[in-house]
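Student: Sequence:
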Amino acid sequence: MKSILIISVICFGLSGCSSIMKSGSPISEDYGKRTAGALLDDQSIENRSHANIANAAPELRKAHIVVVSFNGVVLLAGQVASNELRNLAETTVKNIRKVRLVHNEITVSGPTSMVARSNDTWLTTKVKSRLIGSKNVRANRIKVVTENGVVYLMGLVTRDEADAAVRVARKTYGVQKIVKVFEYIN
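Using the working numbering, you'd call the opening residue of the sequence shown number 16 and step up by one each time.
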């Protein structure tokens, strides 16, 4: 008797699935949404990048380097003591599995102060908050990174969304420069 009941429940459940599939409405895919696997891959890329950069040269341990990955596209920002170290950091990250592209925005200079880094954190918060409040931007598709007053916008967006995000960031007090590191889905 129990087996008949179980079979009946399974058949009833499967018949419901087929009616959903036959509903006639096209099922669209959000090309700007990252999968859980992509999020884990990005976190892994960032972790391995930090570790490998620190092990690439003793001088890189003293440098201030920011590594952000979004869908396998990596942004390097910060400051190092020489152009050779800048290039070494980039080469090190390019050799990490699942890295598709590296944007090297590292500058050759002394590291920024704690005051400057605090200001960068505040700018990131202001820009991200404004993006969340914007009607023309899907803020969950955009990562905001600020380094030394420069705001980097990363994400999977349409060209219209990218333009809208730049307009929002441009109107945020304290932003010195905006760099687009977008991957376009149209």
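One or more of the hints may lead you astray.
Simulated restraints on C-beta separations [as the list claims (entries may be wrong)]:
id, residue 1, residue 2, range
1, K186, K48, 40 to 50 Å
2, V123, N201, 12 to 22 Å
3, N102, G148, 18 to 28 Å
4, K77, G164, 19 to 29 Å
5, K48, R76, 35 to 45 Å
6, G52, E99, 27 to 37 Å
7, K186, P73, 22 to 32 Å
DSS-like, lysine-lysine: derived pairs with alpha carbons at most 25 Å apart [said to hold, decoys possible]:
id, residue 1, residue 2
8, K158, K192
9, K150, K192
10, K77, K48
11, K141, K195
12, K150, K186
13, K158, K109
14, K158, K195
15, K150, K195
16, K113, K186
17, K77, K141
18, K195, K109
19, K192, K113
20, K77, K143
21, K143, K158
22, K141, K48
23, K186, K77
24, K150, K77
Don't read these hints as lab results, they were simulated from the structure. C-beta atoms are modelled at their ideal positions from N, C-alpha and C, and glycine is treated no differently.
Student: Give a verdict on every hint.
Tutor: Verification of the supplied hints:
1. Checking the proposed 40 to 50 Å range against K186 and K48 shows it is violated: the Cβ atoms sit about 27 Å from each other.
2. Distance hint check for V123 and N201: the Cβ-Cβ separation is about 36 Å, which falls outside the suggested range of 12 to 22 Å.
3. One distance hint, 18 to 28 Å for the beta-carbon pair N102 and G148, is violated here, with the actual separation near 40 Å.
4. For K77 paired with G164, a C-beta distance near 22 Å keeps the hint of 19 to 29 Å intact.
5. Hint check: K48 to R76, Cβ distance near 36 Å, so the stated range 35 to 45 Å holds.
6. Restraint check, G52 to E99: a C-beta distance of roughly 35 Å satisfies the suggested window 27 to 37 Å.
7. Restraint check, K186 to P73: a C-beta distance of roughly 43 Å breaks the suggested window 22 to 32 Å.
8. A distance of roughly 16 Å separates the Cα atoms of K158 and K192; the hinted pair therefore holds under the 25 Å criterion.
9. Proposed proximity of K150 and K192 is supported: the alpha carbons are some 23 Å apart, at most 25 Å.
10. Taken as a hint, the K77 and K48 pair is broken in the structure, with Cα atoms around 36 Å apart against an allowance of 25 Å.
11. About 17 Å separates the Cα atoms of K141 and K195, which keeps this hinted pair within 25 Å; it holds.
12. Between K150 and K186 the CA atoms are separated by roughly 15 Å; this keeps the pair inside 25 Å, and the hint holds.
13. For the hint pairing K158 with K109, the CA-to-CA distance comes to about 21 Å; that is within 25 Å, so the pair holds.
14. Note on K158 and K195: the hinted pairing holds, with a Cα-Cα distance of about 11 Å set against a maximum of 25 Å.
15. Of the supplied pair hints, the one linking K150 and K195 holds, its CA atoms being roughly 20 Å apart against a limit of 25 Å.
16. As the CA atoms of K113 and K186 are separated by approximately 35 Å, the hinted pair breaks the 25 Å bound.
17. Our distance criterion of 25 Å between C-alpha atoms is broken by K77 and K141, whose separation comes to about 29 Å.
18. Of the supplied pair hints, the one linking K195 and K109 holds, its CA atoms being roughly 20 Å apart against a limit of 25 Å.
19. For the proposed pair K192 and K113, the alpha carbon gap of about 29 Å is over 25 Å, so the pair is violated.
20. Of the pairs offered as hints, the one joining K77 and K143 is violated, with about 29 Å between alpha carbons and a cut-off of 25 Å exceeded.
21. For the given pair, K143 sits about 8 Å from K158 by alpha-carbon distance, which is consistent with the 25 Å threshold.
22. A C-alpha spacing of about 23 Å is found between K141 and K48, which places the hinted pair at or below 25 Å, so the restraint holds.
23. With a C-alpha separation of about 34 Å, the suggested pairing of K186 with K77 is violated against the 25 Å cut-off.
24. Restraint check: the Cα-Cα separation between K150 and K77 comes to about 42 Å, which exceeds 25 Å; the hinted pair is violated.
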